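Here the protein sequences come in this chain order: A and B. Under numbering that gives the first Met the number 0, the residue at position 90 of the first sequence is numbered 89, and the numbers go up by one with no gaps. Under numbering that gives the first Met the number 0, the residue at position 160 of the second sequence is numbered 159, and the numbers go up by one with no gaps.
Calculated directly from the structure, the hints in this document are not laboratory data. Watch out, some of these pointers could steer you wrong.
The list treats identical chains as interchangeable, and a pair is accepted whether it falls inside one copy or across any two copies.
Claimed, not checked - No more than 30 Å apart at the CA atoms, straight line, and that leaves these computed lysine-lysine pairs for DSS-like:
id : residue 1 : residue 2
1  : Lys330    : Lys42
2  : Lys339    : Lys258
3  : Lys336    : Lys174
4  : Lys336    : Lys58
5  : Lys339    : Lys172
6  : Lys172    : Lys258
7  : Lys174    : Lys339
8  : Lys330    : Lys58
9  : Lys184    : Lys258
10 : Lys172    : Lys42
11 : Lys184    : Lys58
Predicted, not measured: the structure shown is a model, and the values here were computed from it.
2 protein chains.
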Amino acid sequence: MVIRTVPPHSVPAIYDVCAVGNAIVDVIADCDDSFLEEHNIVKGSMTLIDEARADFLYKTMGPGIEMSGGSIANSAAGIAALGGTPTYIGKVKDDQLGGIFRHDMRSSGVHYPTAPSLTGPATARCLILVTSDAQRSMNTYLGACVDLLAEDIDAQQVANARVTLLEGYLFDKPKAQEAFRVAAKISHDAGRQLALSLSDTFCVDRHRDGFQELVRDEVDCLLTNEFELMSLYQVATFEEAIAIARTLCSIVVCTRSEKGAVITSGEETYKIDAEPVPVLLDSTGAGDLFAAGFLFGFTHGHDLPTSGRIGAIAAAEVIGHYGPRPQHDLKELVRTKGIKI
Amino acid sequence: MVIRTVPPHSVPAIYDVCAVGNAIVDVIADCDDSFLEEHNIVKGSMTLIDEARADFLYKTMGPGIEMSGGSIANSAAGIAALGGTPTYIGKVKDDQLGGIFRHDMRSSGVHYPTAPSLTGPATARCLILVTSDAQRSMNTYLGACVDLLAEDIDAQQVANARVTLLEGYLFDKPKAQEAFRVAAKISHDAGRQLALSLSDTFCVDRHRDGFQELVRDEVDCLLTNEFELMSLYQVATFEEAIAIARTLCSIVVCTRSEKGAVITSGEETYKIDAEPVPVLLDSTGAGDLFAAGFLFGFTHGHDLPTSGRIGAIAAAEVIGHYGPRPQHDLKELVRTKGIKI
Numbered sequence: 000m001v002i003r004t005v006p007p008h009s010v011p012a013i014y015d016v017c018a019v020g021n022a023i024v025d026v027i028a029d030c031d032d033s034f035l036e037e038h039n040i041v042k043g044s045m046t047l048i049d050e051a052r053a054d055f056l057y058k059t060m061g062p063g064i065e066m067s068g069g070s071i072a073n074s075a076a077g078i079a080a081l082g083g084t085p086t087y088i089g090k091v092k093d094d095q096l097g098g099i100f101r102h103d104m105r106s107s108g109v110h111y112p113t114a115p116s117l118t119g120p121a122t123a124r125c126l127i128l129v130t131s132d133a134q135r136s137m138n139t140y141l142g143a144c145v146d147l148l149a150e151d152i153d154a155q156q157v158a159n160a161r162v163t164l165l166e167g168y169l170f171d172k173p174k175a176q177e178a179f180r181v182a183a184k185i186s187h188d189a190g191r192q193l194a195l196s197l198s199d200t201f202c203v204d205r206h207r208d209g210f211q212e213l214v215r216d217e218v219d220c221l222l223t224n225e226f227e228l229m230s231l232y233q234v235a236t237f238e239e240a241i242a243i244a245r246t247l248c249s250i251v252v253c254t255r256s257e258k259g260a261v262i263t264s265g266e267e268t269y270k271i272d273a274e275p276v277p278v279l280l281d282s283t284g285a286g287d288l289f290a291a292g293f294l295f296g297f298t299h300g301h302d303l304p305t306s307g308r309i310g311a312i313a314a315a316e317v318i319g320h321y322g323p324r325p326q327h328d329l330k331e332l333v334r335t336k337g338i339k340i
Numbered sequence: 000m001v002i003r004t005v006p007p008h009s010v011p012a013i014y015d016v017c018a019v020g021n022a023i024v025d026v027i028a029d030c031d032d033s034f035l036e037e038h039n040i041v042k043g044s045m046t047l048i049d050e051a052r053a054d055f056l057y058k059t060m061g062p063g064i065e066m067s068g069g070s071i072a073n074s075a076a077g078i079a080a081l082g083g084t085p086t087y088i089g090k091v092k093d094d095q096l097g098g099i100f101r102h103d104m105r106s107s108g109v110h111y112p113t114a115p116s117l118t119g120p121a122t123a124r125c126l127i128l129v130t131s132d133a134q135r136s137m138n139t140y141l142g143a144c145v146d147l148l149a150e151d152i153d154a155q156q157v158a159n160a161r162v163t164l165l166e167g168y169l170f171d172k173p174k175a176q177e178a179f180r181v182a183a184k185i186s187h188d189a190g191r192q193l194a195l196s197l198s199d200t201f202c203v204d205r206h207r208d209g210f211q212e213l214v215r216d217e218v219d220c221l222l223t224n225e226f227e228l229m230s231l232y233q234v235a236t237f238e239e240a241i242a243i244a245r246t247l248c249s250i251v252v253c254t255r256s257e258k259g260a261v262i263t264s265g266e267e268t269y270k271i272d273a274e275p276v277p278v279l280l281d282s283t284g285a286g287d288l289f290a291a292g293f294l295f296g297f298t299h300g301h302d303l304p305t306s307g308r309i310g311a312i313a314a315a316e317v318i319g320h321y322g323p324r325p326q327h328d329l330k331e332l333v334r335t336k337g338i339k340i
């Protein structure tokens with residue numbers, strides 16, 4: 000376990016958070032259950048697909064709408080919407096979808112200098128199939144993301160960020176794993192903190208050993224939901240999972256949907272209530288925005304329960320509309336809840 | 000005035016409607032009133048912009064979502080959703096946005112064989128700025144649309160469609176005007192009917208003389224809203240406008256938002272009530288879908304008031320959600336209203 004005594008906000012920094020993730024454009028379309036069955040898609044899962052499968056599924060699926068996504072990119076946009084200073088590292092190609100992704104990040108207020116690749120696979124896309132029960136089945140073609148290399152990790156971005164946040168999904172590409180480790184080293188060498196998002200249970204299944212090692216040796220702050228955490232330590236209950244995780248990682252932030260969240264720090268445990276959501280429209284991005292709110296609070300001198308509360312407020316906002324990025328003034332929203340930011 | 004005595008559904012045809020229009024991808028973003036003022040954008044208007052202005056506005060505006068649009072393309076998608084057989088002629092480039100447009104048309108059930116251009120400007124896009132009063136200000140960069148030439152008018156598509164529907168916006172490009180006239184000639188030579196959508200009042204202002212001539216000499220069915228029609232004949236009231244139009248055009252279909260629609264045919268006048276809309280979410284595409292419903296009915300042997308009612312039902316559906324294309328089973332919806340289709 001990494002133990003840091005200096006709180007992140009007490010050290011000067013240019014950025015609150017340096018987010019390293021998969022730069023992906025979402026393509027969202029409705030479908031019925033029989034479409035999932037016919038094409039062997041497990042409902043609610045995120046599956047990696049190759050270009051041929053991506054082309055086939057896209058041709059077969061219905062008309063879609065496109066919007067920028069990517070788990071940790073959503074978090075970066077959320078931190079900007081809270082008035083924070085996020086910077087982002089992620090690879091797109093120099094194509095139209097890449098242009099859309101770069102525009103959306105920058106116009107959201109995220110510093111995003113990573114050079115697009117000029118050759119090779121196209122910008123990554125995630126084909127999201129939405130069934131009438133509002134479940135989302137994701138099929139991700141990583142495309143240009145596979146070109147994220149160690150040399151794309153800009154030391155200035157990482158060393159100048161209070162926290163560097165890594166996306167679990169990056170572990171799906173060997174070269175990006177290397178970029179991941181480079182980012183971790185730069186961050187710690189600069190006396191900064193490292194956060195990891197576990198992304199989803201399927202991703203944990205694919206990389207359990209690597210994640211366990213990383214959490215034990217490198218991660219200061221683990222961002223997860225209860226099912227990912229149970230999968231990580233292969234235990235049957237949330238209580239067992241959190242009991243293990245708290246001994247291995249300084250801060251564990253574990254979301255539990257409508258049950259709220261639990262944050263542990265050494266002996267301390269904080270329970271965070273879920274914010275009331277008037278209409279549950281689309282839960283995509285809820286975890287990403289919880290991470291955004293928590294890390295914003297954490298890097299601005301708020302205590303852990305208050306940081307968690309900011310996370311819960313940001314998550315509730317994104318659940319109340321379609322799309323994985325905030326649409327309202329998150330800063331104002333948090334202030335109306337009595338939190339001074 | 001063109002007078003046809005043979006109803007369109009009584010002649011064999013491969014397609015109900017051949018829609019000729021601007022193939023455009025919409026980019027939708029929120030903004031506030033001050034953004035419109037600062038950039039001299041007239042609220043609620045559709046303005047044509049060049050590439051430099053498109054690049055500038057896109058760089059300046061907030062994060063967006065992308066979806067296929069184009070007025071008459073929306074109508075074609077609506078006809079397919081009603082169970083009809085639409086075919087579409089419109090030009091995109093062989094780029095990512097063009098691929099998205101082509102996918103969305105085809106997966107909606109629209110026959111769409113127009114070859115994409117391999118060189119020249121990129122696929123057209125419409126930057127739609129939405130203010131908090133739900134008004135939409137559109138800034139259209141025509142891009143590849145300017146490449147729609149007379150030779151792109153596939154005679155087989157036009158001659159085999161009961162009605163060829165032309166988009167008023169096409170008049171904004173001299174070469175496309177020529178394509179327009181070629182389509183009109185093929186349609187009439189094949190004994191088919193010609194419909195024209197006036198698109199918007201600004202478009203009518205730009206091309207009043209050309210539209211007046213076209214309506215008088217070529218158009219069998221004019222699709223318009225009350226403001227476009229008043230602008231076309233430069234009169235102050237809806238009553239005056241319809242009194243002129245009915246003497247010049249066999250069938251006039253004029254929508255009036257919450258007041259419903261009026262359809263004239265010679266001496267006959269039919270008033271169509273607006274369908275109740277539970278929530279007015281986004282009126283984009285309402286006119287396009289009214290046209291879809293009307294033309295579907297008209298080409299399937301329904302009388303004019305029933306065709307108008309199908310138009311009103313289709314328009315109400317698209318108003319009830321975001322985006323200009325139907326999201327529900329329009330065919331089933333019309334059937335639940337007691338109309339056999």
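Status of each hint after checking the structure:
no.: 1; hint: Lys330 with Lys42; in the structure: between (34 Å within a copy, 28 Å between copies)
no.: 2; hint: Lys339 with Lys258; in the structure: within (25 Å within a copy, 49 Å between copies)
no.: 3; hint: Lys336 with Lys174; in the structure: neither (43 Å within a copy, 58 Å between copies)
no.: 4; hint: Lys336 with Lys58; in the structure: neither (46 Å within a copy, 33 Å between copies)
no.: 5; hint: Lys339 with Lys172; in the structure: neither (40 Å within a copy, 55 Å between copies)
no.: 6; hint: Lys172 with Lys258; in the structure: neither (33 Å within a copy, 58 Å between copies)
no.: 7; hint: Lys174 with Lys339; in the structure: neither (41 Å within a copy, 59 Å between copies)
no.: 8; hint: Lys330 with Lys58; in the structure: between (41 Å within a copy, 23 Å between copies)
no.: 9; hint: Lys184 with Lys258; in the structure: neither (35 Å within a copy, 67 Å between copies)
no.: 10; hint: Lys172 with Lys42; in the structure: within (23 Å within a copy, 47 Å between copies)
no.: 11; hint: Lys184 with Lys58; in the structure: neither (42 Å within a copy, 35 Å between copies)
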